[in-house]
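Chemist: These protein sequences, in sequence, are chains A and B. Read in the numbering used here, the first sequence has 50 at position 50, and its numbers run on one by one without any break. Read in the numbering used here, the second sequence has 83 at position 83, and its numbers run on one by one without any break.
These are computed hints drawn from the structure, not numbers from a lab. A few of these clues could be false.
Copies of the same chain look alike in the list, so a pair counts if it fits in one copy or across any two.
[Stated by the list, open to error] Each computed EDC-like pair below joins lysine to aspartate or glutamate, with the alpha-carbon atoms no more than 20 angstroms apart: (1) K54 / D5; (2) K60 / E40; (3) K17 / E68; (4) K60 / D48; (5) K33 / D5.
Number of protein chains: 2
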Amino acid sequence: MTELDRQRLARRAAILKSLAHPSRLLIIEMLEKSPRCVGELTEAIGADITTVSKHLSVMKRAGLVRDEKHGTYSEYSLVCNCVSHLVDCIEEGMDARSGKSATCTAKPRRQTTGKVAQ
Amino acid sequence: MTELDRQRLARRAAILKSLAHPSRLLIIEMLEKSPRCVGELTEAIGADITTVSKHLSVMKRAGLVRDEKHGTYSEYSLVCNCVSHLVDCIEEGMDARSGKSATCTAKPRRQTTGKVAQ
DNA sequence: ACTATTATTGGCGTGATGACCAAGTATGTC
DNA sequence: GACATACTTGGTCATCACGCCAATAATAGT
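Throw the hints in and build the complete structure from the sequences for me.
Modeler: Below, the structure written as structure tokens:
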């Protein structure tokens, strides 16, 4: 484990952490369809607007979304559509795990022999 | 937002949460190469073995890994390779965001017009 | 300037998370 | 049975995350 490895893992973990919340996932799904202002997202989530604003700031810091001011509105949008694809991967993984189907459309990175530890 | 939506989002969030930790990501990467026992993972991570054991139990509860007993050893392995592919998606997303390249090999789910709110 | 609208920031209580130590369980070896 | 090995579980403590309220921008409209 080099220092670089540590940093890479920490960075990945930070991104995942910024996604790992139901409200934030809903935000992602909504932004995937079109950019939204805070009020719209708040209405869909059904929480206090200050809470939603903070969720957005977390996601912005993580680099998942960006904002653009239009008058008094803040329009938020996804930085990269990869995010939604990522969430799809999770769904696929869930399906595969629950045994509904063993087929996983997401390609595995590499395949190794399952060597047994000692 | 139906109750079903809420459950789906909560489930996805739980999976992401179980991934959102540097040590757990390292575990995923190691298990991707081959199954491992707790001691091996502990050595690589450099934390207390009880800590690693608890990380593993979290990931097991989330359905990411499974364990199989061999004598006094517990051999952990990935349930689905989708997990590592998911982590790749993140990396791709990070690269795209950092501007290193605008190309994102992960296919977007759908493309919509970026309608501006109000 | 005054008011309304939209969003952000600070603060606080509460609950979850993560780290280690200590103790317990399970298995293999002598 | 006694001991060693490999792991898990319970306890404690510090830190972090999340929710709402209150207060503060920032802008638009009159």
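Chemist: A separate judgement is required for each hint: does it hold in the structure or not?
Modeler: Right, here's what the structure says about each hint:
1. K54 / D5: For K54 and D5, neither the intra-copy (30 angstroms) nor the inter-copy (22 angstroms) Cα distance is at most 20 angstroms.
2. K60 / E40: Answer is within; shortest intra-copy Cα gap is 17 angstroms, inter-copy 37 angstroms.
3. K17 / E68: neither (24 angstroms within a copy, 29 angstroms between copies)
4. K60 / D48: within (19 angstroms within a copy, 34 angstroms between copies)
5. K33 / D5: between (35 angstroms within a copy, 16 angstroms between copies)
Hint compliance for this structure: hints 1, 3 are broken, all remaining hints hold.
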